[in-house]
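From just these sequences and the hints, can you work out the full model?
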Amino acid sequence: MKTMEIVLSKRPIGWPAETDFTIRETELDGTRDGQVLVKTIWLSVDPYLRGRMSAVKSYIAPFELDKPISSGGIGQVVSSQYPSLNEGDFVAGNFKWREFDNIPANDLSKVDPEQAPLSAYLGVLGMPGLTAFVGLRRIGALKPSDTVFVSAAAGAVGSVAGQIAKISGATVIGSAGSVQKVNSLIAKGFDYAFNYKEQSVSQALKEFAPSGLDLYFDNVGGDHLHDSISNMANFGRIVMCGAISQYNLSAPPAGPSNLSLVVSRRLTLRGFIVSDHSDMRESFLSEAIGWLRHGKLAYDETIRIGLDQAPKAFIELLEGVNLGKMLVKVAEPV
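For the sequence shown, counting from 1, position 49 maps to 48 in numbering that gives the first Met the number 0; every step adds exactly one.
No lab work stands behind these hints: they were computed from the structure. Computed from a prediction, not measured in an experiment: that's the story for all the values here. All C-beta atoms in this analysis are idealised placements derived from N, C-alpha and C, irrespective of residue type, glycine included.
FRET-style restraints, in silico, Cβ to Cβ:
#1 Ser263 - Ser285: 36 to 44 Å
#2 Val320 - Arg264: 30 to 38 Å
#3 Gln198 - Glu86: 47 to 55 Å
This is how it looks when you write it as structure tokens:
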């Protein structure tokens, strides 16, 4: 059968452009034993995809040129050569940016639309939510007495991180890039939120955390990281999750000039990759589904319609257009 797909046609230099991608028709092979034919319903658009578009060795292989982009996805089984997956089942996994695809059944997991909306399994109940959970609980050793700062706090990871910290009893500060986003953080229970385009990070942290930060969840890098180091309390912990301010730079920026404070304040800085912590997925889902049901965890989604909108959605994500999780709705379920 034929399907449309989106491939990486050239590697971006600096900011990606829609011309770096090509949408084209391709012919799928027949479904083999152990595979299922899946109709793509939702695709996840995430910052880490930018790193895979560069030919740089990292924790995950770069995308190949003239090959489909892939990311988290939700689909519906059209036909199956695997006994435990049936036509009509909804599944999650790593999906190529295609309307249809043959996917090994072992690479898929069932999701239940009765338990939560399908799109939630790519956001608040998916990789972004698990990232927030792991970062706070395992990497950051979150305590109820902590004063916590979350950067990019209106994004898919940051908004969940801030809410988990608040549920745990911490005092929570969030940064975001618009008045709308700041208001959304306050509505989600953040104690303080500020627009970093109107107030410097350093000034805001001095105002909202006069005794210093115990925990910083870093999604941004750059000035956010530098100013957080300057405002950490003794024995503070910095969870290094991402650096979205740096993903599109053509040359590496200068590092923080205040790293001597890591020594004098006995700080801990630790990076992590969520895929190393899959053992926490079940406990995360158990708690997160309960929080959702009891109204303790809220989430936002920014949705673009149609496979052809995926490149634009990705660029908008890097520009900070999105509120919450950026998603592409490829098709309606049957």
